[in-house]
Every structure is written in C-alpha cells, then in structure tokens.
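Sequences are here, hints too, so could you generate the full structure?
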Amino acid sequence: MIYKLYISFLFLVLSCSSPVKIIKLSDKYPDRSDRIYQTNLIIHYSHQEIQQDYTTIASIQLDNNEIYGNLNYDTRMKAYLLNRINRIGADAIIYNEEKSDSNYTYFDAVYYDKNYNRNPFKD
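Take 0 as the starting number for the sequence shown in numbering that gives the first Met the number 0 and just add one per residue.
Worth flagging that the hints you see were computed from the coordinates, not collected in a lab.
Misleading hints may appear alongside valid ones.
[Unchecked claim] Derived pair list, reagent style DSS-like, types lysine-lysine, alpha-carbon separation capped at 27 Å:
| no. | residue 1 | residue 2 |
| --- | --- | --- |
| 1 | LYS77 | LYS98 |
| 2 | LYS98 | LYS23 |
| 3 | LYS20 | LYS77 |
Because the structure is a prediction, the values reported are computed rather than measured.
Written out as structure tokens, the structure reads:
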C-alpha cells in the first residue's frame, strides 16, 4: 500500500514540473473574441524582424535540458511551446539573447497590435 502512495506522489511531482515557465509582463493577457489559435510556432530571432506593431505580454523561460538537440528540430518541444503561447494569446515569440545562457533559453511572447491579419485568406 505504501508503495502506491510513493508512486502517486512521484507521478504528481513529475506531472507538475514543466520545462517552460511563463512570466506575465502585462496587466492582463489579450482578451480577443476573434482570437486565432496559431497552428505553427513563429520564432523571431530579433525584434527588428517583426514589421508589425506588437506588445510583449510575457517572458518565457525554457529549460535547455528538456530540448533534444536543436530547438528547430525538436518537434515535441515546439508543439509544447505552441500550446503554451496559444493559452496566453500570443502570436509569436522572440528569442532573447541577452537573458539566455547555458541552462535556460528565454523568449518574449508577443501579440500583434491593431488589425494585423495572420491569415491572408481570411476576410
């Protein structure tokens, strides 16, 4: 009986740990009734790459030990990041080279201001 308790506790601890930590920066996440969930993870590697107006809504801390090889090829982690940015309403993430180190990779989660249309085929 006691081993079942230990296994349950271990399962609880492991399920609560997350390789991605989101730190909210703005007062609230965007409340958009017309919110479009992203199907592809958009990663910008500098702020100059983005041509639209945007607002940074959160900082994302990614544990480098959870990435298998290069993030560009780790589909599991990219899907996890996509799920997390969809939860907070972000449109893309920007790599933060200043904060990143050998233990953690940092990103800024952004959403595009005004009427930027991510889907050119939608009216």
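Next item on the list: Assess, step by step, whether the Cα of LYS98 is no farther than 27 Å from the Cα of LYS23, and give holds or violated.
Entry: holds, 16 Å
Check: Is LYS77 close enough to LYS98, meaning Cα to Cα at most 27 Å?
Finding: holds, 20 Å
Check: CA of LYS20 to CA of LYS77, is that 27 Å or under?
Finding: holds, 14 Å
Hint compliance for this structure: every hint is met.
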